[in-house]
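A.B. asks: Residue strings, one per chain:
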Amino acid sequence: MADWSLMGDGQRFDTVGETSPTDGATVTADVSANTEGAYTQLVASTLFDAGGFLVIAGNNNKASFLLDIAMGAAAAEQIIVADLLYQVNTRMIAGALFIPLPIPAGTRIAARCQSSGGSNTMRATVTYFAGGWLLAQPLSRCTTYGSAAADSGGSQLDPGGTANTKGAYTELTASCTEDIKALLIAVGNGANTTSTNGQWLLDVAVGAATSEQIIIPDLFIESGLTTNLTMMPAFIGPIPVNIPSATRIAARVMSTVTDATDRLIDVVVYGFS
Amino acid sequence: MAWYAIYETATGRLRSVGTVITDPLAPGLTALSLPGRPADTTMWDEVTRSFIPRPVKVLADRLQDLLTHADYADFQTVWNTLNAARKQQIRDALIRLLGGRRYRNQSEPIGLDAGVP
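Chains A and B, in that order, are what the protein sequence lines are. One point on numbering: in our numbering, the residue at position 181 of the first sequence is 181, and numbering is uninterrupted. One point on numbering: in our numbering, the residue at position 66 of the second sequence is 1066, and numbering is uninterrupted.
These are computed hints drawn from the structure, not numbers from a lab. In this text, all values refer to a predicted model and were calculated from it rather than measured experimentally. Heads up, some of the hints might be wrong.
To be verified - List of simulated lysine to aspartate or glutamate pairs, DMTMM-like, C-alpha gap at most 20 Å:
1) A/62 <-> A/151
2) A/166 <-> A/259
3) B/1087 <-> B/1046
4) B/1087 <-> B/1074
5) A/166 <-> A/218
6) B/1057 <-> A/259
7) A/62 <-> A/203
8) A/166 <-> B/1065
9) A/62 <-> A/23
10) B/1087 <-> B/1113
11) A/166 <-> A/222
12) A/181 <-> A/203
13) A/166 <-> B/1061
14) A/166 <-> B/1074
15) A/166 <-> B/1046
16) B/1057 <-> B/1040
17) B/1057 <-> A/203
18) A/181 <-> A/151
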């Protein structure tokens, strides 16, 4: 007898945004740099209640992108995940992001982006899946901290000029607006297309300046010719955390790279509550 | 909201940048008031205890590598037999061929596949 547990999760899946012949939906940034483009519909109406979804997307241009995932009717879209950071090299998928947010059946899903280059494009699909009877209450909100609309990037972290030494903390938010139960971290190289081989260790911390307490230590990141100068992993998490609202969140990094430009990384964090 | 750079008083080493600081600061630390979030084009200088312009990155030109590096002496021998018009034609073709790989990091190998396993 097949093992079709009624209490199991993930019994149904559907992918939207895929296009012929074998690609994701094209999402185009505004003709003006660092300006949101129009929404691209991925699906007019989802088939079933979803307990979570995957976002699979990638750049078509060597630039910095911020991608929004929204739901709702055209011209009335509500963003559910804002400013997903993509600073990957051309035609490379940054990874499959698991977003632990529900989407009701019958929902229209759309995506839009902005880029450091006008009219740049991305490709994106969303794979949503149903939860089982005993699926834990999904999280209901995603709040983005540290994105920078001015250059379609993130908060810049500088490890300093001494290799293998933790740099200063950079504040991502002075006060998070919700209790955070899971944290997704995005990393990029600031769209530096002439970077170099290197490794980084990233700390995420909470607390006031100089009193930071590390909650997630030494996340390992690498970039180089083998990854086409793309920081990998580009997304880390979501990681279960317990961060109370009104908490300051900061990050710092150390690197093997000492060049004043190549050692820099961009970071954005997404708090799920 | 006011931004601060907190650094070690004795060494100038930057410890943290943000809008929420401990009050009072721990001994040995100094808080520098900033006009806003430091620009990405600046970096901390431990000597002056301030943010200074980040030095412009200098890239190497693979086209120049072909014309000057000892590894490409054979190419240079042929190049030097060409007249100005032919050199320009070759140069234009190489620029199109190299595309986005024309300029390299100073630490990156000259060869396009060198260093890639």
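A.B. asks: Does residue 203 of chain A sit within 20 Å of residue 1057 of chain B, going by the straight-line distance between their CA atoms?
C.D. replies: Distance of about 27 Å is beyond 20 Å: violated.
A.B. asks: Can the restraint linking residue 1087 of chain B and residue 1113 of chain B be considered satisfied, given a maximum Cα separation of 20 Å?
C.D. replies: violated (25 Å)
A.B. asks: Does the alpha-carbon distance linking residue 166 of chain A and residue 1074 of chain B stay inside the 20 Å limit?
C.D. replies: violated (46 Å)
A.B. asks: Holds or violated: residue 166 of chain A with residue 222 of chain A, Cα cutoff 20 Å?
C.D. replies: holds (16 Å)
A.B. asks: Check whether the Cα positions of residue 166 of chain A and residue 259 of chain A lie no farther apart than 20 Å.
C.D. replies: Since the Cα atoms of residue 166 of chain A and residue 259 of chain A sit roughly 15 Å apart, the hinted pair holds (cutoff 20 Å).
A.B. asks: Run the distance test for residue 1057 of chain B versus residue 1040 of chain B: straight-line Cα separation, threshold 20 Å.
C.D. replies: holds (14 Å)
A.B. asks: Under the criterion that the straight-line Cα-Cα distance not exceed 20 Å, is the pair residue 62 of chain A, residue 203 of chain A satisfied?
C.D. replies: violated (27 Å)
A.B. asks: Take the C-alpha atoms of residue 62 of chain A and residue 151 of chain A, compute the straight-line distance between them, and say whether it is at most 20 Å.
C.D. replies: holds (14 Å)
A.B. asks: Can you confirm whether the C-alpha distance between residue 166 of chain A and residue 1046 of chain B stays at or below 20 Å?
C.D. replies: Satisfied, since the Cα-Cα distance of roughly 15 Å is no more than 20 Å.
A.B. asks: With a cut-off of 20 Å on the C-alpha distance, tell me whether residue 181 of chain A and residue 203 of chain A pass.
C.D. replies: holds (18 Å)
A.B. asks: Could you grab the alpha-carbon distance between residue 62 of chain A and residue 23 of chain A and see if it respects the 20 Å cut-off?
C.D. replies: holds (18 Å)
A.B. asks: Quickly compare the C-alpha distance for residue 1057 of chain B and residue 259 of chain A to 20 Å and report which way the hint goes.
C.D. replies: Holds - the C-alpha atoms of residue 259 of chain A and residue 1057 of chain B are around 8 Å apart, at most 20 Å.
Violated hints, in rising order: 3, 7, 8, 10, 13, 14, 17, 18; the structure is consistent with all others.
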